[in-house]
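Engineer: Residues per chain, in single letters:
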Amino acid sequence: MTQAFVPPTRFAVPGRIAVNEQAASEWQTATVTEIRRETPRAATFRLAVPGWPGHLPGQHLMVRLTAEDGYAAQRHYSIASAPDDSGHVELTLDHVEGGEVSGWFHTVARPGDRVEVRGPVSGFFAWPGDRPALLVGAGSGVVPLMSMIRHHRARNLAVPLRLVVSARSPQELIYARELGAETTPVFTRSAPAGATVGRMAAAHVAPLLAEQPSGGWEAYVCGSNSFAEHASRLLVTAGQPVHRIRIERFG
Amino acid sequence: MHITRGFTGRPRVAGPGLPPGQYDAGDDWPVLSAEVTPELAPADWTFRVDGLVAEPRTWDWDEAHRLPPSAYEGAIHCVTSWSKFGVRFTGVSLDAFLDVVRPHGSATHAVAYSHTGYTTSLPLSDLTGGRAWIAWEYDGRPLAPEHGGPARLVVPHLYFWKSAKWIAGLRILDHDEPGFWEQNGYHERGNPWEEQRYSGD
Chain A
0 MTQAFVPPTR
10 FAVPGRIAVN
20 EQAASEWQTA
30 TVTEIRRETP
40 RAATFRLAVP
50 GWPGHLPGQH
60 LMVRLTAEDG
70 YAAQRHYSIA
80 SAPDDSGHVE
90 LTLDHVEGGE
100 VSGWFHTVAR
110 PGDRVEVRGP
120 VSGFFAWPGD
130 RPALLVGAGS
140 GVVPLMSMIR
150 HHRARNLAVP
160 LRLVVSARSP
170 QELIYARELG
180 AETTPVFTRS
190 APAGATVGRM
200 AAAHVAPLLA
210 EQPSGGWEAY
220 VCGSNSFAEH
230 ASRLLVTAGQ
240 PVHRIRIERF
250 G
Chain B
0 MHITRGFTGR
10 PRVAGPGLPP
20 GQYDAGDDWP
30 VLSAEVTPEL
40 APADWTFRVD
50 GLVAEPRTWD
60 WDEAHRLPPS
70 AYEGAIHCVT
80 SWSKFGVRFT
90 GVSLDAFLDV
100 VRPHGSATHA
110 VAYSHTGYTT
120 SLPLSDLTGG
130 RAWIAWEYDG
140 RPLAPEHGGP
150 ARLVVPHLYF
160 WKSAKWIAGL
170 RILDHDEPGF
180 WEQNGYHERG
190 NPWEEQRYSG
200 D
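If you're matching them up, the sequences are chains A and B in order.
Each step along the first sequence adds one to the number in numbering that gives the first Met the number 0, with nothing skipped, and position 51 is 50.
Each step along the second sequence adds one to the number in numbering that gives the first Met the number 0, with nothing skipped, and position 184 is 183.
Just so you know, these hints were derived from the structure itself, not from any lab.
Worth double-checking, as some hints may not be accurate.
[Unchecked claim] Sample of chain B residues at the chain A side, in silico, Cβ under 7 Å: (1) M0; (2) R4; (3) F6; (4) V35; (5) T79; (6) D98; (7) Y197.
[Unchecked claim] Simulated coverage check for chain A against chain B, where a stretch passes if three residues somewhere in it have a Cβ under 8 Å from a Cβ of chain B: (8) 71-79; (9) 119-127.
[Unchecked claim] To give an idea of the chain A side of the interface with chain B (calculated C-beta under 7 Å), a few residues: (10) S24; (11) L64; (12) A66; (13) E99; (14) V107; (15) D112; (16) V114; (17) E115; (18) N224; (19) V241; (20) I246; (21) R248.
Yeah, the Cβ is synthetic: ideal placement off N, Cα and C, and Gly gets one too.
Please take these sequences and the hints and turn them into a complete structure.
Structural biologist: What follows is the structure in structure tokens.
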């Protein structure tokens with residue numbers, strides 16, 4: 000046998016979270032129990048999943064919808080709810096133009112409907128609450144980050160947590176009512192009186208990187224690919240180590 | 000299987016090219032990578048093959064480009080359920096590199112690794128026989144950094160997380176050594192036609 004191979008470069012992937020392989024491979028029936036509008040484009044779908052094995056903030060699951068002719072469509076979605084929400088998970092979905100699965104959720108789904116889910120799948124983006132976390136998101140990229148914030152609050156964790164979140168306007172800021180002192184909002188199209196309008200910039204992340212907590216920040220970036228590229232470069236430029244930036248992109 | 004009330008799905012695309020559970024992304028080419036896109040110039044790119052081989056070797060950009068050119072035209076499939084048709088990657092067949100280093104008879108697997116440190120594991124048999132490429136052009140143009148440029152591995156018959164971006168090398172082994180996503184719960188082989196998405200599928 001050859002020696003275990005360690006690649007010669009960075010991307011260290013600290014704190015790998017073991018995935019429950021059985022949970023990740025078995026479909027379960029989930030029941031829609033509640034639908035809450037968040038913004039004109041986004042709504043939260045609460046699912047009862049009796050056999051849900053639990054998840055960590057930042058993980059995602061797979062949803063499968065099946066048509067009468069047997070055709071099935073499946074998509075990955077980030078989990079919005081905190082792990083302590085026993086037997087339930089919440090998904091917050093944008094209504095994507097022409098979206099096959101999100102379109103069903105937004106235009107057809109009602110409480111009592113059943114879908115299939117499996118997961119949680121993938122542990123890379125998970126945050127178990129063990130280290131200072133700097134969360135950077137845009138649009139519905141805030142969804143897995145909200146799971147982290149909810150977890151932080153539910154467990155009354157002392158470890159530092161900050162969120163910088165970009166939205167087009169206050170009306171389109173998902174979870175606006177829930178965000179608190181840990182959050183710096185950035186508005187790209189229209190902002191409340193007195194606030195500036197513009198893209199996320201060095202000025203938004205530099206102060207957070209200047210207040211380095213003990214052990215440094217673990218950065219979690221989630222959003223569209225163009226946002227993820229932009230935000231991760233801002234972080235690197237401001238001094239965040241490349242190997243301590245985790246990125247979840249959606250295209 | 001549970002029928003979802005009121006779900007019909009998109010109009011079905013006819014044709015045998017779409018593996019189960021996949022949809023046609025059309026002109027979109029989503030970017031999925033967990034790390035910061037590296038700034039890697041062609042002049043700084045190298046590709047090494049070592050491990051259980053007769054002659055370990057590192058190629059630089061110009062040396063790799065002197066190998067016989069080869070192209071892949073067809074479809075690619077991402078585990079997140081999009082597929083993309085009519086893609087064209089140009090580069091060099093991986094066979095051309097392996098012919099130089101000559102893997103030992105005991106070799107069964109490879110770990111592909113990136114200049115970022117990303118890793119993915121593959122059976123060696125999935126990398127030989129004209130089924131894998133080191134590619135530096137997409138659709139006739141230099142491969143964009145966010146898609147793995149200056150050069151990436153392309154193994155189009157497996158889910159695309161196997162096609163490591165910013166490819167730096169292959170370590171040839173006599174056993175399977177799970178890479179980044181394989182350690183994070185994904186399938187060891189990842190054949191889209193058998194829906195080998197997660198470990199245990």
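Engineer: Does each hint fit the structure? Answer for all of them.
Structural biologist: Tested hints:
| no. | hint | result |
| --- | --- | --- |
| 1 | M0 | holds, 6 Å |
| 2 | R4 | holds, 6 Å |
| 3 | F6 | holds, 4 Å |
| 4 | V35 | holds, 5 Å |
| 5 | T79 | holds, 5 Å |
| 6 | D98 | violated, 21 Å |
| 7 | Y197 | holds, 4 Å |
| 8 | 71-79 | holds (count 5) |
| 9 | 119-127 | holds (count 5) |
| 10 | S24 | holds, 4 Å |
| 11 | L64 | holds, 4 Å |
| 12 | A66 | holds, 5 Å |
| 13 | E99 | holds, 5 Å |
| 14 | V107 | holds, 4 Å |
| 15 | D112 | holds, 6 Å |
| 16 | V114 | holds, 6 Å |
| 17 | E115 | holds, 6 Å |
| 18 | N224 | holds, 4 Å |
| 19 | V241 | holds, 5 Å |
| 20 | I246 | holds, 6 Å |
| 21 | R248 | holds, 6 Å |
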